[in-house]
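Those protein sequence lines, which keep their order, are chains A and S. For the first sequence, the positions run 12 to 175 when this note's numbering is used. For the second sequence, the positions run 419 to 828 when this note's numbering is used.
It is worth saying that the hints were derived from the structure and are not from the lab. A portion of the hints provided could be inaccurate.
Calculated lysine to any residue pairs in the SDA-like style (CA-CA distance at most 25 angstroms, straight line) [stated by the list, open to error]:
(1) Lys596/S with Lys153/A
(2) Lys153/A with Gly438/S
(3) Lys464/S with Ala171/A
(4) Lys165/A with Lys596/S
(5) Lys495/S with Thr35/A
Remember, it's a predicted structure, so these values are computed and weren't measured experimentally.
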Amino acid sequence: MGRAFKLGDGVSTDAIIPGRYNVTTDLSALGKACLIEARPDFAATVRSGDVIVAGRNFGCGSSREHAPLAIQASGVKAVVASSFARIFYRNAVNIGLPVIQCDALFEAVEDGDTIDVDVRTGNISAAGRTFQAEPPAAVALKIMQAGTLVDLIKTGGWAAIEEV
Amino acid sequence: MGTLTEEIFSRRLGRRVRAGDTIVAPVDYAMSHDVTTPLAIEAFRKMEMPLWDPERVVLVFDHILPANTVAAAGLHKLIREFAEEHGVVHLFQEGICHLLMVEKGFARPGGIIVGADSHSTTYGALGCFAAGMGSTDIGVVFATGRTWFRVPQTIRIELHGSLPEGVYPKDLALRVIKRLGAEGANYLAVEWGGEAVAAMTIDQRLTLANLTVDFGGKAGLCEPDEVTRDYLGEAEVSDLQPRDPEYLQRVELDAAEVEPQIACPPAIDNVKDLSAVEGLQLDEVFIGSCANGRLEDLAIVARYFEGRQVHPRTRTMVVPGSKKIYMEALKAGYIESFMRAGAIVMNAGCGPCLGRQHGVLAPGERALSTSNRNYPGRMGSANAEIYLASPAVAAASALAGAIADPRRVI
Ligand code: SF4
C-alpha cells in the first residue's frame, strides 16, 4: 500500500535525473536527485512502497540507467505507465525495478491516491477500483523472475533467453 | 529475405529470422561512454567473468570532457583503471562516441553494434544494425559478447524528390517526427529510403539515423550503396538490401515540399514550420552534437558566418563533433570564420548538448540547438526553452540573435 505520484506524458530521463546529477554510481545520491526539477517535492516526501503513475512514453530520451536506479533507490515500489520508452523499460527490467503497463490507470488515478500494486500478478487497486496490467513479454518475465539480467545470465546463461 | 533488419540478423545467425522472433546474437562492438561505463563496469563485475574481447569494447570520454568536477574526474579515473586492468584497446577522448564509431571504421554494413547511449542508432546510416541500451545490458555484453533482441518490425520512410535550398536532412527528420510523434517508432526499426536518401552524403544520412531514436526507433537504417562504398573506401559493401520486405507502415514524404522545421519546447515532436516562431530572441545558439556536429554541418555554418558577426545578445558556441572534424575544419578555414564572427569554439565532444559542463542555461533563457533533445532541463534550468533546428537555421539565428530563416540571409 502506498501513494500515487502522478506524472504526465513523455516524462524523459532528463526529467527523472538531469545530466548534472548522474555523475555518480552512488544509489542514495541518485535517489535524492530523482525528479529533482520536474517534481522538487518528490525525494523529500516519497515513502517506501509509493508508486509512480504516468502517461505515455515514460522514460523517453537518454539511455542513462541512472534513471530507473534513481527511482528504485527513492523507495518507489513500481512504475505504472500507459506506455514506456523501449530503453527505459529494458533498463528497469534489467535492474529489477517493476515496470507495469496499464493504459486505464492514468485517467482514473489522482496524485496522492492510495494505490496497491501486486507486481507479480499485475493487479492494481486504486481509487476504489481494480485494474489489470498488461502481461510483460516473455523475456521481461524471465528476467523479472530471476531478479535482474545479471542474475538470469549468470545462472542460466543465454540459453535462459534462447528458450523463451 | 525481409527487411534490412531481418536480413542482417538472418545472415548473422545463418537462419531465417523474422520480426517478432526473440534471438540471442553476437555483436561486433559494444560501446559505452564516460557517463554510462561506470554502471556497465558494475554489471560486468557482478558477472564474474573475463572481458569477452578487449578489442571489441569501445570506451569514449565525450560527455564530460575534460572533467569539470571532482566527481566527473573520479568516473574517468575508474574507467581508465578498468581499461588498463582488462587491456581495452579502444579508449578515446577525441570526440562524440557516435562519430568515432563511424570514423574509426567500427560501423560496417551488415554489422551489429550495441552502445550504452540512445543515439547508437546513428551507425544505421551505413547499413549496420545498431541499437542503444543501458549499462547493465552493455556490461553483460562485456562479459559474453552477446545480447538478446526481439527482432523489430520496420517502418519504411520514403523520402521523395530533392531538398530545396535552405532545407536539410534535419528538417526532413523533424517533419517525420512531427507526423509520427515522439513514440511513433517505439520498439520498431526504421528504414530511410527513397531518392532523397539515395542522393544524400553519409554525413547527411547519419543525421537521419541519429534522430531515429528521438521518435522511439530501435534502429534507423539506410541501404548501403555506392555512396557508402566510396565513404568506407573499400569494396566491402555487401549486397545488403531489403528483399521482399513486409513493412508495418510506410511513410511517404516529398522533400521538395518541406520548409525549414523547428522542434519547439517542451518535446521533440512539437515541430513547427520555422516561420511560426521566427523572430523569437535567443540567449544561446549551440552548433554541434551527434545529430549535426559533422564537417558538412560546420561548412554550412561557416558559409553563413563568413564576413559577418554573430549577434552580441546571443552566446554562440560551436563544438566540432570530433578531433578529426575539428582539424579538417581548421584546414578549411571554418574555425577561423567562427571565431572571427564572434562564436566560441570548444573542444570536440558533446559540449552543451546535455547541460553538464558548459553552455548551461539559466531559468527563463532561450536556446537554439542543432542537437536532438529539447526536454525541459536538458541543457540547464528546467525553466529554460530549447529549440532544435538545422545548422543553417542555427547559423542564421546566431547572426540575427533571434530565430531566423536561413533562406533570407543573402
Ligand atoms: S551529443 Fe548529445 S545526444 Fe549526442 S551523444 Fe552527446 S549528449 Fe548524447
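| query | Taken at face value, is the distance from the CA of Lys153/A to the CA of Lys596/S at most 25 angstroms? | reply | The hint is violated at about 36 angstroms.
| task | Could you grab the alpha-carbon distance between Lys495/S and Thr35/A and see if it respects the 25 angstroms cut-off? | result | holds (13 angstroms)
| Holds or violated: Lys153/A with Gly438/S, Cα cutoff 25 angstroms? | At roughly 17 angstroms apart (the allowed maximum being 25 angstroms), Gly438/S and Lys153/A satisfy the hint.
| said: Given the hinted pair Lys464/S and Ala171/A, is their Cα-Cα distance within 25 angstroms? | reply: holds (18 angstroms)
| field | Holds or violated: Lys165/A to Lys596/S, with C-alpha atoms at most 25 angstroms apart | value | violated (43 angstroms)
Hint check: violations occur at hints 1, 4; the rest are consistent with the structure.
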